[in-house]
Amino acid sequence: MAAVAHEAHGHHDSHDHHDHHHESFVSKYIFSQDHKMIGKQFLMTAVFMGVVAMLLSILFRIQLAWPGESSDFVSFFLGENWAPGGVMKEDMYLGLVTIHGTIMVFFLLTGGLSGTFSNILIPLQIGARDMASGFLNMLSYWFFLISSVLMLLSLFVESGPAMAGWTIYPPLSALPQAVSGSGLGMTLWLFSMTVFIASSLIGSLNYIVTVLNLRTKGMSMTRLPLTIWAFFITAIIGVLSFPVLLSAALLLMMDRLAGTSFYLSDIIVGGEMLTQHGGSPLLYQHLFWFLGHPEVYIVLIPALGLSSEIIATNSRKPIFGYRAMIGSILAIAFLSFIVWAHHMFVTGMNPFLGSVFVFTTLLIAIPSAVKVFNYITTLWRGSIVYTPAMLFAIGLVSTFITGGVTGIILADAALDITIHDTYFVVAHFHVVMGLSAVFGMFGGVYHWFPKMFGRMMNTRLGYAHFWITIVGAYGVFFPMHFVGLAGAPRRYYDYSVYGDFDIESYNLMLDLNVIITVFAIIAALGQLLFLFNFFYSILRGPIAPANPWKGTTLEWTTPVERIHGNWPGELPTVHRWPYDYSKPGFDVDFIPQDVPLAEGEEEH
Amino acid sequence: MVTKLVILAVIVLGVIAVAQLMRVYELSSKLRNKEEGEISNRDNRFNANMMLIFMVVLFGGFIWLMLKYGWTGRGDAASVHGREIDWLLNLNFIIIVAVFFITNALLFLFAFKYVKKPGVKAFYFPHNNKLEMIWTVVPACVLAVIIILGLKSWNQVTDEAVPESIRVELFSKQFDWTARYSGADNILGKFDYKLTTDNNELAILTTATLDSAIYQMEFGAMGINALESKLNDSKLMMIPEEREKMMTDLGRKEMLVRLLYQMKGRHDAKLDAQAWDDIIQKDTLYLCKGKEYEFNFRSKDVIHSAYFPNFRAQMNTVPGMTTRFKFTPDTSTEEYRKYKKNPKFNYVLMCNKICGGAHYKMKMIVVVLEKKDYMKWMESKKMETFKDKYFATVAPAADITPEGVVDGDTTQVAIPAN
Chain G
157 MAAVAHEAHG HHDSHDHHDH HHESFVSKYI FSQDHKMIGK QFLMTAVFMG
207 VVAMLLSILF RIQLAWPGES SDFVSFFLGE NWAPGGVMKE DMYLGLVTIH
257 GTIMVFFLLT GGLSGTFSNI LIPLQIGARD MASGFLNMLS YWFFLISSVL
307 MLLSLFVESG PAMAGWTIYP PLSALPQAVS GSGLGMTLWL FSMTVFIASS
357 LIGSLNYIVT VLNLRTKGMS MTRLPLTIWA FFITAIIGVL SFPVLLSAAL
407 LLMMDRLAGT SFYLSDIIVG GEMLTQHGGS PLLYQHLFWF LGHPEVYIVL
457 IPALGLSSEI IATNSRKPIF GYRAMIGSIL AIAFLSFIVW AHHMFVTGMN
507 PFLGSVFVFT TLLIAIPSAV KVFNYITTLW RGSIVYTPAM LFAIGLVSTF
557 ITGGVTGIIL ADAALDITIH DTYFVVAHFH VVMGLSAVFG MFGGVYHWFP
607 KMFGRMMNTR LGYAHFWITI VGAYGVFFPM HFVGLAGAPR RYYDYSVYGD
657 FDIESYNLML DLNVIITVFA IIAALGQLLF LFNFFYSILR GPIAPANPWK
707 GTTLEWTTPV ERIHGNWPGE LPTVHRWPYD YSKPGFDVDF IPQDVPLAEG
757 EEEH
Chain D
4 MVTKLVILAV IVLGVIAVAQ LMRVYELSSK LRNKEEGEIS NRDNRFNANM
54 MLIFMVVLFG GFIWLMLKYG WTGRGDAASV HGREIDWLLN LNFIIIVAVF
104 FITNALLFLF AFKYVKKPGV KAFYFPHNNK LEMIWTVVPA CVLAVIIILG
154 LKSWNQVTDE AVPESIRVEL FSKQFDWTAR YSGADNILGK FDYKLTTDNN
204 ELAILTTATL DSAIYQMEFG AMGINALESK LNDSKLMMIP EEREKMMTDL
254 GRKEMLVRLL YQMKGRHDAK LDAQAWDDII QKDTLYLCKG KEYEFNFRSK
304 DVIHSAYFPN FRAQMNTVPG MTTRFKFTPD TSTEEYRKYK KNPKFNYVLM
354 CNKICGGAHY KMKMIVVVLE KKDYMKWMES KKMETFKDKY FATVAPAADI
404 TPEGVVDGDT TQVAIPAN
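Chain order of the listed sequences is G and D.
Quick note: to get my numbering, add 156 to the position in the first sequence (first position is 1).
Quick note: to get my numbering, add 3 to the position in the second sequence (first position is 1).
Just to be clear, a hint being listed does not mean it is correct.
Each computed EDC-like pair below joins lysine to aspartate or glutamate, with the alpha-carbon atoms no more than 20 Å apart [said to hold, decoys possible]:
id, chain 1, residue 1, chain 2, residue 2
1, D, Lys285, G, Glu225
2, D, Lys347, G, Glu660
3, D, Lys71, G, Asp656
4, D, Lys7, G, Glu225
5, D, Lys248, G, Glu428
6, G, Lys739, G, Glu757
7, D, Lys341, G, Glu246
8, D, Lys343, D, Asp333
9, D, Lys366, G, Glu246
10, G, Lys706, D, Asp46
11, D, Lys343, G, Glu660
12, D, Lys347, G, Glu246
Facing chain G, a subset of chain D residues (Cβ under 10 Å, in silico) [unchecked claim]:
id, residue
13, Val9
14, Pro129
15, Lys193
16, Lys197
17, Asn349
Listed next, the stretches of chain G that the computed footprint assigns to chain D, with coverage defined by at least 3 CB atoms under 8 Å from CB atoms of chain D [stated by the list, open to error]:
id, segment
18, 419-429
19, 531-544
20, 547-560
21, 564-578
22, 680-686
Keep in mind the hints are simulated off the structure, nothing from the lab.
No experiment lies behind these values; they were computed from the predicted model shown.
Idealized CB from N, CA, C, for every residue including glycine.
Construct the entire structure; sequences and hints are all you get.
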């Protein structure tokens, strides 16, 4: 009913636009309420933030590989103040690590990934004219931009950006006496994240409402493409968990500004005996990880959704086990809420609680395994077409496996004792969520670029980009596991301390750190190919056909011109599931969703 | 110099990339009769072959890293539970490395084999309940084994320490560690952070330290009296911020001193003995081979993490609470040096939770001694208990004794030297 009602209303709307209303530059490109434009705004902002975060990582990688050596590159970006003589200060190292993590997790992989693709794909793939609320959608982007600007601003504060790690554990983050970045830098971090959470919530609510109410005629929940399922579940996770981070941040702000003691107790810092008593730093960790763990899946699930679509399309086969894929997304989403304390096995939390979380955490491996095997079976006896998007989707499955299996070690509390907070953890989460999500995002950009900009990206540059990226990525993170197994703690400015007691380990770490940094630089340079290809193709790429990859989903039935309201005439009606590739008895190897069932044809 | 070369290389690469792109663009324009988005068979084959090559490189790289760096940095565990953890870690590693090889091999081999071939249609295979059942149940069974073994070890490691285990406190602050041995009675003295003074850094609670803390708070160089007189001195010129700061400080100290008086009211002097025999030890932590230790961890300022990589032990130190971890070192430093073939090797306690700028320097050397050497060392510490050290730094003229101030009026007598 709802879908039908919207159809009439939406149709009317689009007529209004075309007949009486010419969009100005401002309403079309800046304060746009069109979901496609907002998606592109998210993408552009996220690409910029991603480049910044990558640059930060190269800076601290230089320090790790060549500790104490002067570098023009470092001094160019950090200046005399933060890198006297081209060697970065200890505090700045921590600042770079913190902001790198924050931007990557929240701004690139949450705002950028979900924001971009939920916006662009939800209305297009469910057959809606736009989001449920175009205005809220616009607000969501503008909040995102404000929070991005605040976060970048914090890099230029005199006392430095936040320096307590991206998890900003108090008391370190609460006490400016403990580290210089916990002054104005941390205040800006908290304000930025508060605005970011508002953006994310507004966006997520909009996505949920849109998916539930604005599906076109015939688009039942079990005919939704897996991308939409992924975005839908992601939005629900976001709505349930982000407010908890807001409360954590709010209490931290109170501790910092109002002298409360939510997280502080019995502290003497910088020679001052504080009066706060009775708070618990563990409370913060519980609140933070109650978001923090679902956040991993907020980052990962959209990437898995995108790759499901890309792999099915380019294998010319239905995704194997469509319902199992939905089921595993639901299972992962549910479990993601009851595993948070596996980040806290050695924080002094009750060990019995720890054993409960071991159990729930390891359960996640089951739906994850189902997803991996389903992807692999989708490839089996397919007819694989190697678009750049397909390469990235396969890369994602590989990193999801490689990063996933090390999670089994970390989830095991007894084993976590020895590798907690070492580089093994850093390697694990970079592979499983960083690389997988980034690969999913790249795949998405290559695959839907024709829908976004009406032009094609260059395929050969895409190939070069993929192969450099995956070699660079594994080159960075494989050796990192071994640095961690050797026991190297994370967030160390350098490992000179090992010189005092174990020179052998010191040499091993230094060797591996050089390898890692070299690969990181190669991978970073590889991204220039993407940036060039991306911007060049927006302006000069060949004009795209309406359905370049021969996809079945509804977005490929829209015209190339990307009109407001998406479809010029009536909304399409859906007659089948989205994965009718290479169906026996048909000449063509794909049947779009809006094609009625043939005489005697059975739905899958 | 190096950076300049790198920058130069970047520019050159960029130019090459642009030129290449132009060429590709022109070529593809010539072949415009082909539909956009169509991937040529040559490109498909190229990528399929690359998948195979990449798989070989990936596996080769992994094996090379494993052989070259696999266990060299880690070394054998030097504690009883550490050996068990390592056994479990190896078992888990075998499982996950097998999964890593099998699934990645399937992925890349299928990606290689099933590349599009002219005239071959993909196999329509939407689902198969039996297959899906298999790869739900098999991982579940493997995980059951992992969970059961993991929890068994976890419960043992985190179980209560045996009563005869030696109690040692590790006190952390930016950026060093201090150990406190429980002394002859094997009981650690009580503490409260408000008792921190220059000669009682660990804030140990005894009647004397309590009195001294109150005295310092009231009459010390920056005590309440001094602050009040400064604030009331009309001749003293102060910038407003400084005055503000001083007033906050005064408010804080008044509150703290009230709490100290309350503590004094509740204090039981009989407990003093537990504290006086404690032994405070900086720089190096000495442990006895084969003895179980229960470590109590404390933090003065922010969260740190006590990380003993060789003993496979780790626990965060959290301000406002005491955390615990127990282990039994079973290899002496000498033995481990022989095994490592490195006469300069030492065990270590490091900080493994970001705690500020010098986080990476925060460490304490750990030495595990054979029993007789350990007893000898303990003997040498007999005359350096907390009591001895504390009163060595108090001016002999003061009437302060282990039992507190003799006449009980703190405000007039006890005058620690610093």
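Each hint, compared with the structure:
{"no.": "1", "hint": "D:Lys285 <-> G:Glu225", "result": "violated, 32 Å"}
{"no.": "2", "hint": "D:Lys347 <-> G:Glu660", "result": "holds, 10 Å"}
{"no.": "3", "hint": "D:Lys71 <-> G:Asp656", "result": "violated, 23 Å"}
{"no.": "4", "hint": "D:Lys7 <-> G:Glu225", "result": "holds, 15 Å"}
{"no.": "5", "hint": "D:Lys248 <-> G:Glu428", "result": "holds, 12 Å"}
{"no.": "6", "hint": "G:Lys739 <-> G:Glu757", "result": "holds, 10 Å"}
{"no.": "7", "hint": "D:Lys341 <-> G:Glu246", "result": "violated, 36 Å"}
{"no.": "8", "hint": "D:Lys343 <-> D:Asp333", "result": "holds, 15 Å"}
{"no.": "9", "hint": "D:Lys366 <-> G:Glu246", "result": "holds, 17 Å"}
{"no.": "10", "hint": "G:Lys706 <-> D:Asp46", "result": "holds, 18 Å"}
{"no.": "11", "hint": "D:Lys343 <-> G:Glu660", "result": "holds, 9 Å"}
{"no.": "12", "hint": "D:Lys347 <-> G:Glu246", "result": "violated, 28 Å"}
{"no.": "13", "hint": "Val9", "result": "holds, 7 Å"}
{"no.": "14", "hint": "Pro129", "result": "holds, 4 Å"}
{"no.": "15", "hint": "Lys193", "result": "violated, 13 Å"}
{"no.": "16", "hint": "Lys197", "result": "holds, 7 Å"}
{"no.": "17", "hint": "Asn349", "result": "holds, 4 Å"}
{"no.": "18", "hint": "419-429", "result": "holds (count 8)"}
{"no.": "19", "hint": "531-544", "result": "holds (count 12)"}
{"no.": "20", "hint": "547-560", "result": "holds (count 6)"}
{"no.": "21", "hint": "564-578", "result": "holds (count 11)"}
{"no.": "22", "hint": "680-686", "result": "holds (count 3)"}
Violated hints for the displayed structure, listed by number in ascending order: 1, 3, 7, 12, 15.
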